[in-house]
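Number of protein chains: 2
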Amino acid sequence: MYVIKASGAKELFRGDKLAATLKRVGLAKAKIEEVVNKVKLSLSRKPTSHEVIERALNYLQKTDVAAAARYNLKRAIMQLGPTGFPFEQYIARLLTAYGYDVVTNVQANGFCVHHELDLVAKKDGRHIMIECKFHNSPGLRSDVKTALYTWARFLDIKKAWEQEHGHTKEFHEAWLVTNTKCTADAIQYARCVGLHILSWRHPEENSLEKLIDQKKLYPITVLLSGNQMLFSKLIRAGFVLVADLAKVNLNELSRRTGLGGKRLYGIHQEAQALIKDSSPST
Amino acid sequence: MYVIKASGAKELFRGDKLAATLKRVGLAKAKIEEVVNKVKLSLSRKPTSHEVIERALNYLQKTDVAAAARYNLKRAIMQLGPTGFPFEQYIARLLTAYGYDVVTNVQANGFCVHHELDLVAKKDGRHIMIECKFHNSPGLRSDVKTALYTWARFLDIKKAWEQEHGHTKEFHEAWLVTNTKCTADAIQYARCVGLHILSWRHPEENSLEKLIDQKKLYPITVLLSGNQMLFSKLIRAGFVLVADLAKVNLNELSRRTGLGGKRLYGIHQEAQALIKDSSPST
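Protein chains in written order, with numbering that gives the first Met the number 0: chain A, 0 to 281; chain B, 0 to 281.
Quick caveat, the hints were computed from the structure, so don't treat them as lab data.
Please note: incorrect hints may appear among the correct ones.
A few chain A residues that face chain B, going by a derived Cβ cut-off under 7 Å, partial list only [to be verified]:
#: 1; residue: Cys111
#: 2; residue: Val112
#: 3; residue: Lys144
#: 4; residue: Tyr148
#: 5; residue: Trp150
#: 6; residue: Ala151
#: 7; residue: Arg152
#: 8; residue: Thr182
#: 9; residue: Asp184
#: 10; residue: Tyr188
#: 11; residue: Cys191
#: 12; residue: Leu194
Predicted model, so just to flag it, every value in this text is computed and none were measured.
Idealized CB from N, CA, C, for every residue including glycine.
Please put together the full structure from these sequences, using the hints given.
Set out below in structure tokens:
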């Protein structure tokens with residue numbers, strides 16, 4: 000059976016690939032084969048890859064809500080874009096949960112020009128300048144050019160504070176944070192110069208999705224009972240993370256958003272189930 | 000009278016702005032006011048900026064073919080894109096005319112990663128690595144990030160050859176060449192680190208459009224009697240520059256392109272008139 004990809008190209012449906020993904024998102028071993036078979040049987044005659052994802056999410060949702068959230072996470076971060084919530088603000092929330100002091104939109108003097116830094120984070124006396132790179136398509140990778148300009152920016156700022164007495168504005172590290180993967184060249188360059196990359200599946204043990212998962216810092220866009228309009232309204236009312244949504248009661252949620260009804264109840268229930276049931280996959 | 004811009008925004012029609020542009024492209028002083036008035040009178044009730052350009056080109060074409068070519072040059076370079084002719088190949092032709100030895104698509108070792116360089120140029124014993132940045136919209140400027148990554152690439156390559164004995168692969172200069180303007184930050188950064196920028200209207204005395212004009216190296220897309228299909232066919236047959244087109248006779252042109260008729264005659268005539276009449280504006 001062939002699956003039609005977003006690009007229009009055809010690809011054989013591969014149960015082993017879906018099984019590997021389900022394993023990675025932490026679905027219990029005994030359930031993996033069952034879900035793969037159910038997905039396969041439920042597909043239409045000319046399925047799209049979008050349909051495969053929808054079906055898998057559907058079964059995961061009934062089987063393991065935490066695995067469903069992890070399966071949906073990459074897409075969910077991309078869906079933050081259309082709600083108007085900036086990716087760097089989400090990363091700021093994430094780093095704060097890991098004990099960093101984070102400031103957004105910082106002006107910094109370079110030797111040659113002024114720079115606008117997406118984030119500045121501090122922890123244990125170390126100061127970090129962070130460049131955030133958001134892509135709105137899963138196929139786009141951050142390439143070596145992004146790593147090169149982030150590093151050149153760091154060098155320009157470094158040259159400025161090295162000429163100051165006292166070095167009060169020193170940055171000890173430069174990070175590039177992105178919601179998709181990076182090219183092999185970008186990773187190699189970053190490792191070589193000492194730039195830290197935090198991205199999808201990299202670095203293996205502390206990749207973006209693992210940092211999110213370990214603290215259950217899922218964005219609300221991971222919830223299957225929402226849609227873009229609902230997400231936008233919730234985010235405008237201050238609910239960006241599933242945990243924020245789960246910890247208020249339904250009355251307060253209704254009061255703060257001006258919303259009500261079955262839809263709000265559904266997403267609130269789903270948020271609570273996810274925060275309660277999800278067991279960190281570490 | 001208002002003019003509707005490509006973005007949909009409205010802007011007052013400004014005769015003084017059009018006059019300044021006509022002066023810059025070298026139209027004789029006595030003619031400027033006449034052309035501005037003719038353009039103004041010929042506009043429809045709800046003119047677009049595209050219409051203003053078309054009308055001005057129309058009158059310029061009858062008044063001063065070289066000024067018309069210069070007026071149309073920025074758009075013509077952008078129109079090379081859809082023909083499939085790469086911008087870096089056009090820049091290679093330009094630099095060759097100025098006595099540089101130019102090689103395209105060069106692999107270079109960096110200290111951290113391999114780099115693919117758009118162009119490498121040599122002249123008077125100096126070796127230059129060149130990054131070409133093509134934009135397909137006049138509103139897009141090359142920003143400081145482009146200057147930063149070009150410079151970081153240069154540093155990485157520099158670090159590699161500094162560790163070699165003999166320094167045989169040394170680059171003495173790094174250039175960024177782009178078909179639109181650069182931001183003020185990009186120019187400031189480049190000046191500070193020693194990166195050479197060649198772009199629209201910068202540097203003032205040797206900007207891209209002046210280098211093109213001084214040697215009459217107009218791309219054929221500057222010719223008003225062509226359209227995209229004709230341009231593509233001519234370029235596939237090896238005619239990229241107006242000068243290439245002007246120096247063959249019509250029979251040979253017809254033989255080499257497999258084209259004929261009024262259209263081919265018209266563009267050939269226009270090419271010859273431009274090469275004959277245009278007086279470098281230096």
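Right, here's what the structure says about each hint:
no. : hint   : in the structure
1   : Cys111 : holds, 3 Å
2   : Val112 : holds, 5 Å
3   : Lys144 : holds, 5 Å
4   : Tyr148 : holds, 4 Å
5   : Trp150 : holds, 6 Å
6   : Ala151 : holds, 4 Å
7   : Arg152 : holds, 6 Å
8   : Thr182 : violated, 10 Å
9   : Asp184 : holds, 5 Å
10  : Tyr188 : holds, 5 Å
11  : Cys191 : holds, 3 Å
12  : Leu194 : violated, 10 Å
The structure does not agree with the numbered hints 8, 12 stated previously, though it agrees with the rest.
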